[in-house]
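J.: Taking the hints into account, I'd like the entire structure generated from these sequences.
Residue numbers (the numbering used here), protein chains in the order written: chain A, 45 to 422; chain B, 45 to 422; chain C, 45 to 422; chain D, 45 to 422.
Warning: the hint list may mix true and false statements.
Since the list gives no way to pick one copy over another, a pair counts as held whenever it fits inside one copy or between any two copies.
Unchecked claim - Cross-link-like lysine-lysine pairs, in silico, DSBU-like; alpha carbons within 30 Å at most:
| # | residue 1 | residue 2 |
| --- | --- | --- |
| 1 | K342 | K224 |
| 2 | K412 | K113 |
| 3 | K336 | K222 |
| 4 | K163 | K105 |
| 5 | K95 | K173 |
| 6 | K47 | K333 |
| 7 | K85 | K141 |
| 8 | K196 | K412 |
| 9 | K171 | K333 |
| 10 | K196 | K342 |
| 11 | K196 | K336 |
| 12 | K336 | K173 |
| 13 | K382 | K173 |
| 14 | K105 | K173 |
| 15 | K88 | K386 |
| 16 | K91 | K47 |
| 17 | K316 | K412 |
| 18 | K105 | K85 |
| 19 | K196 | K88 |
| 20 | K171 | K419 |
| 21 | K222 | K196 |
| 22 | K336 | K412 |
| 23 | K140 | K235 |
| 24 | K222 | K140 |
Please keep in mind that the hints were generated in silico from the structure rather than gathered at the bench.
Protein chains: 4
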Amino acid sequence: MAKIKLGILGGGEDSLIGILHRVAANMFDQFEIVGGAFDVKHEKSLKFGEKLQLDSSRVYKDLDDLIAKENSLPEDQRMQAVSVLTPNFLHFPMAKKLLKNGFNVICEKPLTTTYEEAKILNEIQQKTKVIFAVTYTYTGYPMIRQMKTMIKNGEIGKIQKVDVQYYQGWINPLIHDKEKRSATWRLDPEKSGISCCIGDIGTHAFNMAEYVTGMKVENILADLNYLYEDNPMDIDGTVLMRFPGKAKGVLRASQIATGEENNFTVQVYGDKGGLKWEQENPNYLYLLKEDKPLQVIKPGHGFLSEFSLEGTKLPPGHPEGIFDSMGNIYYGVAMAIKDNSKFDGAYPKLNDGLRGMNFIEKTVSSHKKGNVWIKMED
Amino acid sequence: MAKIKLGILGGGEDSLIGILHRVAANMFDQFEIVGGAFDVKHEKSLKFGEKLQLDSSRVYKDLDDLIAKENSLPEDQRMQAVSVLTPNFLHFPMAKKLLKNGFNVICEKPLTTTYEEAKILNEIQQKTKVIFAVTYTYTGYPMIRQMKTMIKNGEIGKIQKVDVQYYQGWINPLIHDKEKRSATWRLDPEKSGISCCIGDIGTHAFNMAEYVTGMKVENILADLNYLYEDNPMDIDGTVLMRFPGKAKGVLRASQIATGEENNFTVQVYGDKGGLKWEQENPNYLYLLKEDKPLQVIKPGHGFLSEFSLEGTKLPPGHPEGIFDSMGNIYYGVAMAIKDNSKFDGAYPKLNDGLRGMNFIEKTVSSHKKGNVWIKMED
Amino acid sequence: MAKIKLGILGGGEDSLIGILHRVAANMFDQFEIVGGAFDVKHEKSLKFGEKLQLDSSRVYKDLDDLIAKENSLPEDQRMQAVSVLTPNFLHFPMAKKLLKNGFNVICEKPLTTTYEEAKILNEIQQKTKVIFAVTYTYTGYPMIRQMKTMIKNGEIGKIQKVDVQYYQGWINPLIHDKEKRSATWRLDPEKSGISCCIGDIGTHAFNMAEYVTGMKVENILADLNYLYEDNPMDIDGTVLMRFPGKAKGVLRASQIATGEENNFTVQVYGDKGGLKWEQENPNYLYLLKEDKPLQVIKPGHGFLSEFSLEGTKLPPGHPEGIFDSMGNIYYGVAMAIKDNSKFDGAYPKLNDGLRGMNFIEKTVSSHKKGNVWIKMED
Amino acid sequence: MAKIKLGILGGGEDSLIGILHRVAANMFDQFEIVGGAFDVKHEKSLKFGEKLQLDSSRVYKDLDDLIAKENSLPEDQRMQAVSVLTPNFLHFPMAKKLLKNGFNVICEKPLTTTYEEAKILNEIQQKTKVIFAVTYTYTGYPMIRQMKTMIKNGEIGKIQKVDVQYYQGWINPLIHDKEKRSATWRLDPEKSGISCCIGDIGTHAFNMAEYVTGMKVENILADLNYLYEDNPMDIDGTVLMRFPGKAKGVLRASQIATGEENNFTVQVYGDKGGLKWEQENPNYLYLLKEDKPLQVIKPGHGFLSEFSLEGTKLPPGHPEGIFDSMGNIYYGVAMAIKDNSKFDGAYPKLNDGLRGMNFIEKTVSSHKKGNVWIKMED
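T.: Below, the structure written as structure tokens:
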């Protein structure tokens with residue numbers, strides 16, 4: 045069977061994540077990168093295309109150019125999917141055009157810069173049949189897939205407590221310097237939307253809480269931190285969450301947890317057990333039971349769920365990492381495009397991106413109103 | 045120099061913590077246990093006194109008996125300090141009598157069952173010169189002392205984030221069984237005061253947050269969990285905290301974190317670095333700095349603070365534990381009684397117990413009022 | 045610049061490691077897989093080539109076919125490098141032909157099945173100018189590269205102790221079953237050479253000891269374990285090693301360390317410090333100094349060596365794994381082919397494979413002679 | 045029941061381990077320290093006795109004084125046991141006199157300075173009925189007791205591999221300085237016996253290997269390291285060990301593993317599983333099984349062996365340490381003196397000390413003869 049022809053928007057020479065998507069796309073021999081528009085400057089884009097040994101006729105000036113020319117190709121040569129790796133504010137217009145022109149879309153998170161935009165994309169997609177993935181990268185880890193499956197299978201019983209943490213420290217040296225904090229795009233609402241910390245990493249944590257539990261957050265109450273009055277963007281926050289039933293949750297995110305790198309953790313406790321995971325040691329899943337030894341579950345073993353095993357390429361003890369996690373998401377997208385999906389949750393969907401935007405806006409709103417409860421929309 | 049003569053109230057055959065206090069008191073050859081009232085039944089008390097090879101004439105019927113007879117002894121034979129290890133609701137009346145009769149007091153936490161009672165004790169103590177310790181056991185760990193010292197010395201700069209977690213799972217099997225939850229004393233407000241989870245372990249976390257940072261919490265907002273309507277006691281809760289300046293904190297406590305044993309952690313981040321500690325691995329203190337290797341600090345090294353080193357008895361690599369931590373607190377009390385204190389924080393004081401009671405009441409109040417901000421009293 | 049055209053021998057549908065090499069080859073956009081012979085059955089090979097979307101004319105019947113046809117292509121279309129992923133006994137004849145025909149070679153370990161064969165390959169290579177890599181995969185980890193650099197720079201002073209461990213348990217259920225142990229190819233000297241445990245994993249540990257220290261083992265004394273007399277292959281062994289000067293080493297390898305997955309560790313101690321690393325947690329390098337906090341070094345930081353940083357694609361806290369390690373080796377090979385090598389040790393060389401074969405034979409010999417010292421050849 | 049009256053030899057003001065023995069002796073209210081000879085200078089001894097609030101009439105000039113006067117006391121007041129905490133070369137003469145005079149003995153390790161002496165003690169003890177403990181402190185940890193019990197119960201099947209490591213770095217700065225190395229008593233054979241590293245820590249590892257497995261080492265082959273020719277004492281060594289059947293072992297000990305504190309580990313693999321433990325994190329026991337999650341066993345749980353549970357004083361999650369481990373050994377001795385022993389292995393016996401001395405001499409002998417196999421005596 046032919047590989048899926050993939051285009052890429054953004055992800056050029058200066059991009060950090062371009063390599064992540066390219067390696068992921070190539071990992072399972074499902075995609076073939078055929079072209080794209082890698083940079084706003086066409087020359088840089090062409091040069092980068094050369095490095096990838098692409099046919100220069102498919103290194104486009106911009107998205108309109110791409111759509112026009114790809115649509116003129118015979119169907120079996122045409123791009124079937126396009127990855128959107130551009131700055132946040134471009135996600136919406138690009139994704140919208142791609143959707144309207146029938147391309148499957150793989151979009152970096154956050155999906156858009158406002159909840160409103162996300163709803164528009166959602167409406168469009170519901171009328172089409174295209175696949176739309178939002179790359180919440182961490183959901184592709186085999187141990188996260190195992191956690192989701194075990195919770196679904198009742199291994200820890202009825203959930204009563206959800207705890208997610210996403211601590212980084214990278215913004216610390218920037219926020220304390222007046223000049224730097226005014227020059228950082230993440231701290232500029234024009235470029236990033238209304239939230240820095242919650243928008244960038246809080247959404248990952250929120251998505252993960254819903255992903256592994258299979259539950260939807262109903263209400264939230266947030267307390268954000270804005271260290272300086274001359275900057276309108278949160279760089280730290282805690283969000284209380286209420287799930288259906290009596291399950292409660294707490295989400296902690298920070299970019300001023302000085303010295304932390306990418307310390308994202310998930311802990312879920314049910315009435316029959318608990319499960320814990322840490323992103324920086326992604327190949328360990330901890331199962332806690334009352335008065336039993338702690339169990340440390342690692343990838344690749346025959347006793348794991350099929351969903352987890354699908355995401356592990358080598359025998360136990362050969363650590364895979366974040367590139368492999370993203371590779372699993374791309375594989376999930378490929379299977380969906382080929383109408384061959386085996387596992388729910390094989391890739392994060394547009395609705396995950398939509399809820400992420402909903403969460404950001406409700407969180408900021410809760411804080412601004414004096415740290416009050418706000419209902420999430422369905 | 046003569047050892048300090050120590051009496052014990054409670055802590056008899058059925059007590060879990062009696063041994064903790066006895067080993068701690070004996071550890072540095074500062075105290076001599078000379079008597080007490082170990083059980084409400086005098087016979088059991090006498091039998092226990094025999095096991096400890098105490099003079100039976102100093103195994104008392106009750107506290108009044110103890111006070112009367114001890115006061116009749118020559119001063120150099122008299123008990124100088126009394127440890128109160130009885131059930132919570134007896135702390136207040138016993139401590140009050142001891143204070144009024146001039147005994148130094150070592151009292152288990154929580155100090156009392158209401159904030160009102162705690163304030164009364166505080167007033168009495170301020171008029172006397174006796175030493176009054178509240179055994180927040182964990183403050184005696186050498187790495188906590190190191191953390192406190194490093195923060196005080198500015199090692200991590202100005203604090204901007206405080207995160208404390210105290211997760212246990214032991215109440216999980218009790219809370220879900222109607223009969224058991226009505227028969228557990230911890231879940232009975234008559235015996236435990238108005239809070240279960242926050243009262244028992246949340247206060248430890250609160251105390252630790254103030255202990256290591258040297259800052260006072262000013263405002264709190266709490267969300268507690270009460271799983272069943274037929275039981276009025278919280279078994280899980282999250283508390284948002286605001287410190288002076290822009291420092292924010294979050295305290296998470298749970299007794300339904302199924303499978304957790306005694307998972308108490310402290311993380312403090314300043315603008316120059318972060319410090320982290322876990323009670324279950326108490327001999328490791330983690331120092332995080334921007335773009336530097338993580339440093340793992342262990343007890344007993346020459347580069348540590350004097351305050352930390354005082355609490356370590358053997359060379360590096362010989363793990364000491366919770367008995368040793370309590371031993372350090374008893375040593376601190378002994379030095380205070382001998383008017384020889386070297387380190388602020390060598391033992392938790394009555395004021396720590398007072399603030400703990402304040403915290404419990406404000407937390408429950410915040411929750412009951414709909415999760416609103418409440419100001420802590422000074 | 046054009047990508048390097050790569051062929052692959054073996055690595056087809058049934059191969060575990062095929063995907064490892066393909067992902068690694070693609071990772072840095074340096075190689076383009078253009079063809080190969082993936083299976084002894086040409087049909088299976090063709091089908092696999094289809095999956096990779098290769099031109100079927102370059103999916104060859106066998107190596108002779110490949111050589112003949114590739115050599116007839118214009119130079120700029122011809123394969124420049126070939127990866128040999130076939131069973132061990134085929135490494136030698138294939139590598140030999142490839143060398144003689146001027147192809148650059150990337151060969152799986154062990155290089156050959158005898159030291160004699162390895163010496164022959166070595167002689168041939170010394171007369172040619174081709175690049176020859178032996179894929180000791182673990183040398184590509186960024187933290188191993190950092191360790192090698194730090195040792196070279198004198199960070200831990202003069203080496204006095206080297207300790208390598210490679211523990212697995214996978215052969216345990218096979219070795220205890222008479223039928224299974226006679227049917228396992230690893231336990232068959234015809235297919236595997238004279239050693240199972242030392243040959244398969246002991247060589248990795250030996251290579252790593254020499255790689256990170258930059259020293260050569262001079263003498264060895266080995267004690268191997270052969271649990272059953274009806275099987276001639278070691279499944280466990282310890283080797284004492286002597287380096288130049290007074291540095292001593294010990295290598296422990298086992299396939300009957302029941303329950304171990306791929307527990308490969310390296311510890312090196314010098315007179316100024318120590319360094320430790322574990323393959324299953326490859327993103328942590330531990331630096332020990334006298335009376336200083338332990339330092340935990342992680343990838344991607346600005347303070348690391350250039351050699352280490354070259355092997356990390358994302359910012360700190362985004363764990364990379366074994367695929368990324370192999371990717372770094374392929375990148376090293378690419379740079380060498382392009383005559384653009386920056387770092388010594390960027391890929392393991394033929395000489396590393398040669399020493400590995402030397403080590404296997406000397407180890408078995410030492411054991412058979414009664415656990416006596418044997419001199420390694422230069 | 046009356047406490048056992050205990051005397052102490054050595055362990056005075058300058059002693060590191062005096063406090064360890066005193067805390068341990070007091071821990072379970074089984075012993076009462078009544079006197080001793082704490083220092084060679086009687087005055088210092090008297091002063092120390094005062095600190096312990098001992099009756100000065102029982103602070104003796106020396107051992108002869110102690111024996112004479114204690115023997116003249118009524119039996120119910122007399123010391124029943126004496127702890128020997130003096131420098132190594134005094135263990136033998138003191139223990140011998142104590143044995144001959146019918147005192148129960150608790151002796152620090154190494155038991156003596158020569159195997160010959162140890163045999164003499166052994167012969168004497170076999171004729172008497174006194175209890176004789178050698179304080180291999182680490183055998184008192186609850187998780188070591190659990191490990192021993194699980195191995196005995198066949199949990200990991202037939203043992204096929206034993207691996208013990210004892211790495212320290214403290215001698216590193218001394219050994220490289222000519223003056224210091226000639227002035228360190230550990231490096232002086234007159235004071236320490238014929239071995240430094242093996243004698244001090246290698247014996248701990250050897251004892252542990254036999255203790256947890258319940259097997260006896262039959263043959264050993266050793267390679268020691270002596271860095272400087274002007275010093276005759278080993279500071280590093282590896283010992284190959286052969287147990288009955290086909291089980292093999294390896295023991296690694298070092299005092300030049302720079303930066304290591306007290307890194308003592310035990311790994312035992314059987315045909316049904318593996319067990320691992322680390323002294324610096326003594327409350328974790330790791331159980332490995334084929335294709336099952338790793339199990340992390342912690343103290344205090346109901347599912348543990350009675351032998352393990354006896355050694356834990358608080359509920360799970362309250363870390364106990366090395367003082368508690370030694371406390372368990374003292375408790376074992378108390379039970380033996382009271383003829384109430386419940387568990388084999390509750391305290392290390394004279395025979396353990398004897399085998400330790402045998403091991404030291406055979407190890408040095410094997411090395412000196414050119415690293416050859418030597419048979420251990422029974």
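J.: Each of the hints needs a verdict: does it hold here or not?
T.: We went through each hint and held it up to the structure:
With identical chains, the CA atoms of K342 and K224 are at most 30 Å apart between copies only, with a shortest distance of 26 Å across copies and 42 Å within one. Taking the shortest alpha-carbon separations for K412 and K113, neither the intra-copy value of 47 Å nor the inter-copy value of 63 Å comes in at or below 30 Å. For the identical chains of this complex, K336 and K222 are inter-copy neighbours only, at 24 Å across copies versus 53 Å inside a copy, given an alpha-carbon limit of 30 Å. For the identical chains of this complex, K163 and K105 are intra-copy neighbours only, at 29 Å inside a copy versus 55 Å across copies, given an alpha-carbon limit of 30 Å.
In this assembly of identical chains, K95 and K173 lie within 30 Å of each other by CA distance solely across copies; the values are 26 Å between and 34 Å within a copy. Taking the shortest alpha-carbon separations for K47 and K333, neither the intra-copy value of 45 Å nor the inter-copy value of 41 Å comes in at or below 30 Å. When the C-alpha separation of K85 and K141 is checked against a cutoff of 30 Å, the pair qualifies only within one copy, where the shortest distance is 20 Å, while the shortest distance between copies is 47 Å. With identical chains, the CA atoms of K196 and K412 are never at most 30 Å apart, being 36 Å at best within one copy and 33 Å at best between copies.
Taking the closest pair of Cα atoms, K171 and K333 never come within 30 Å of each other, the shortest separation being 45 Å inside a single copy and 50 Å across copies. For a Cα distance limit of 30 Å, the shortest separation of K196 from K342 qualifies both inside one copy, at 19 Å, and across copies, at 28 Å. In this homomeric assembly, K196 and K336 come within 30 Å of each other (Cα to Cα) both inside a single copy, at 21 Å, and across copies, at 21 Å. For the homomeric pair K336 and K173, neither the shortest alpha-carbon distance inside one copy (48 Å) nor that between copies (42 Å) is at most 30 Å.
In this homomeric assembly, K382 and K173 come within 30 Å of each other (Cα to Cα) only inside a single copy, at 12 Å, whereas the closest approach across copies is 46 Å. For a Cα distance limit of 30 Å, the shortest separation of K105 from K173 inside one copy, 27 Å, qualifies, whereas the shortest one across copies, 43 Å, does not. In this assembly of identical chains, K88 and K386 lie within 30 Å of each other by CA distance solely across copies; the values are 26 Å between and 40 Å within a copy. In this assembly of identical chains, K91 and K47 lie within 30 Å of each other by CA distance both inside one copy and across copies; the values are 24 Å within and 14 Å between.
Taking the shortest Cα distances, K316 and K412 sit within 30 Å of each other only across copies (29 Å), while inside one copy they are farther apart (38 Å). Taking the closest pair of Cα atoms, K105 and K85 come within 30 Å of each other only inside a single copy of the chain (8 Å); across copies the shortest separation is 46 Å, beyond that limit. Taking the shortest Cα distances, K196 and K88 never come within 30 Å of each other, neither inside one copy (47 Å) nor across copies (39 Å). For the homomeric pair K171 and K419, the shortest alpha-carbon distance inside one copy (27 Å) is at most 30 Å, but the shortest distance between copies (52 Å) is not.
Taking the shortest alpha-carbon separations for K222 and K196, only the inter-copy value of 26 Å comes in at or below 30 Å, while the best intra-copy value is 48 Å. In the homo-oligomer, the alpha carbons of K336 and K412 never lie at most 30 Å apart, since the shortest distance is 45 Å inside one protomer and 36 Å across protomers. Taking the shortest alpha-carbon separations for K140 and K235, only the intra-copy value of 18 Å comes in at or below 30 Å, while the best inter-copy value is 58 Å. For the identical chains of this complex, K222 and K140 are neighbours neither inside a copy (37 Å) nor across copies (54 Å), given an alpha-carbon limit of 30 Å.
Violated hints for the displayed structure, listed by number in ascending order: 2, 6, 8, 9, 12, 19, 22 and 24.
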